[in-house]
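J.: Top to bottom, those sequences are chains A and B. Numbering-wise (the working numbering), the first sequence opens with residue 18 and increments by one. Numbering-wise (the working numbering), the second sequence opens with residue 78 and increments by one.
Calculated from the structure, these hints are not laboratory results. For glycine and all other residues, C-beta sits at the position ideal for the given N, C-alpha and C. Don't take each hint at face value.
Below 30 angstroms or equal to it, Euclidean Cα-Cα: the simulated DSS-like pairs (lysine-lysine) are [to be verified]:
no. : chain 1 : residue 1 : chain 2 : residue 2
1   : A       : K86       : B       : K134
2   : A       : K117      : B       : K88
3   : A       : K117      : B       : K134
4   : A       : K95       : A       : K59
5   : A       : K95       : A       : K75
6   : A       : K117      : A       : K76
7   : A       : K75       : A       : K59
8   : A       : K117      : B       : K147
9   : B       : K147      : A       : K59
Restraint ranges, calculated between C-beta atoms of paired labels, are given here [claimed, not checked]:
no. : chain 1 : residue 1 : chain 2 : residue 2 : range
10  : B       : A183      : A       : Q31       : 28 to 34 angstroms
11  : B       : P85       : A       : Q31       : 40 to 46 angstroms
12  : B       : S160      : A       : D34       : 40 to 46 angstroms
13  : A       : N46       : B       : E91       : 20 to 26 angstroms
14  : A       : S45       : B       : K134      : 21 to 27 angstroms
Not everything, but these chain A residues come out facing chain B in the computed CB check (under 7 angstroms) [what the hints assert, rightly or not]:
no. : residue
15  : A49
16  : S60
17  : A63
18  : K110
19  : G114
20  : E116
21  : K117
22  : L118
23  : F120
24  : T122
25  : G123
26  : I128
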Amino acid sequence: ILNVEQSPQSLHVQEGDSTNFTCSFPSSNFYALHWYRWETAKSPEALFVMTLNGDEKKKGRISATLNTKEGYSYLYIKGSQPEDSATYLCAFKSNFGNEKLTFGTGTRLTIIP
Amino acid sequence: DAGITQSPRHKVTETGTPVTLRCHQTENHRYMYWYRQDPGHGLRLIHYSYGVKDTDKGEVSDGYSVSRSKTEDFLLTLESATSSQTSVYFCAISESGGANVLTFGAGSRLTVL
Chain A
18 ILNVEQSPQS LHVQEGDSTN FTCSFPSSNF YALHWYRWET AKSPEALFVM TLNGDEKKKG
78 RISATLNTKE GYSYLYIKGS QPEDSATYLC AFKSNFGNEK LTFGTGTRLT IIP
Chain B
78 DAGITQSPRH KVTETGTPVT LRCHQTENHR YMYWYRQDPG HGLRLIHYSY GVKDTDKGEV
138 SDGYSVSRSK TEDFLLTLES ATSSQTSVYF CAISESGGAN VLTFGAGSRL TVL
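Please model the entire structure based on the sequences and the hints provided.
T.: Structure below.
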């Protein structure tokens, strides 16, 4: 079983502040790293898929970076808004020759108005 | 949840009864996945399919079987449901496996009494 860890588990941020959290994954046999946003009572929605070391992706106020050599990815949210409140999941795919995607347990973000 | 539907959305059953959950897609995607979501565990892969009649086990496959007789349908069967299988089950689809985003269904909440 591959170990994918996210920190912190939960986070409260004042509206307007910027924040970031971490996904750690195995540094060997890397193939891809996904980020998803999961609002309560909904389904996870894809934010990014990153495949290359040094990748940076951006979608509005949300961006992500990838370091495959040390096995971590950061997700950044700039100028947090109440609608950013959600659980953010990362998922790791190895190059073992199968299509299994292993999810972390998520970072639950709450934006305080 | 455009293009992917799960049924039933809610089910209550008794220990020892068989249960089948259905995932139907209209996207013609090759890959289909079944995950379960439990507090403290995030999303855990049960089984996935990489084509018609082609399936592979995930990390929590014991007690579950799957079938994919046509591209659009992926069935998850609990042969004899147990209380530990009370969970929310999510189906997901992907065009080309782990390097592409997963699109999730709305989830099926199963309660085993």
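J.: All hints, please: hold or fail.
T.: Verification of the supplied hints:
1. A:K86 x B:K134: holds (28 angstroms)
2. A:K117 x B:K88: Holds, because 27 angstroms separates the two Cα atoms, which is no more than 30 angstroms.
3. A:K117 x B:K134: holds (9 angstroms)
4. A:K95 x A:K59: holds (23 angstroms)
5. A:K95 x A:K75: Holds, at roughly 11 angstroms.
6. A:K117 x A:K76: holds (25 angstroms)
7. A:K75 x A:K59: holds (23 angstroms)
8. A:K117 x B:K147: holds (21 angstroms)
9. B:K147 x A:K59: holds (27 angstroms)
10. B:A183 x A:Q31: 28 to 34 angstroms: Because 32 angstroms falls inside the window, the suggested range holds.
11. B:P85 x A:Q31: 40 to 46 angstroms: holds (41 angstroms)
12. B:S160 x A:D34: 40 to 46 angstroms: holds (43 angstroms)
13. A:N46 x B:E91: 20 to 26 angstroms: violated (43 angstroms)
14. A:S45 x B:K134: 21 to 27 angstroms: Given about 22 angstroms between the Cβ atoms, the range holds.
15. A49: Holds. Min distance 5 angstroms.
16. S60: holds (4 angstroms)
17. A63: holds (4 angstroms)
18. K110: holds (3 angstroms)
19. G114: The hint is violated - G114 (chain A) has no Cβ within 7 angstroms of chain B, the shortest such distance being about 11 angstroms.
20. E116: Holds, about 4 angstroms.
21. K117: holds (6 angstroms)
22. L118: Result: holds, 5 angstroms to nearest chain B Cβ.
23. F120: holds (4 angstroms)
24. T122: holds (4 angstroms)
25. G123: holds (6 angstroms)
26. I128: Since the shortest Cβ distance to chain B is 21 angstroms, the answer is violated.
Comparing the model with each earlier hint shows violations of hints 13, 19 and 26; every other hint is respected.
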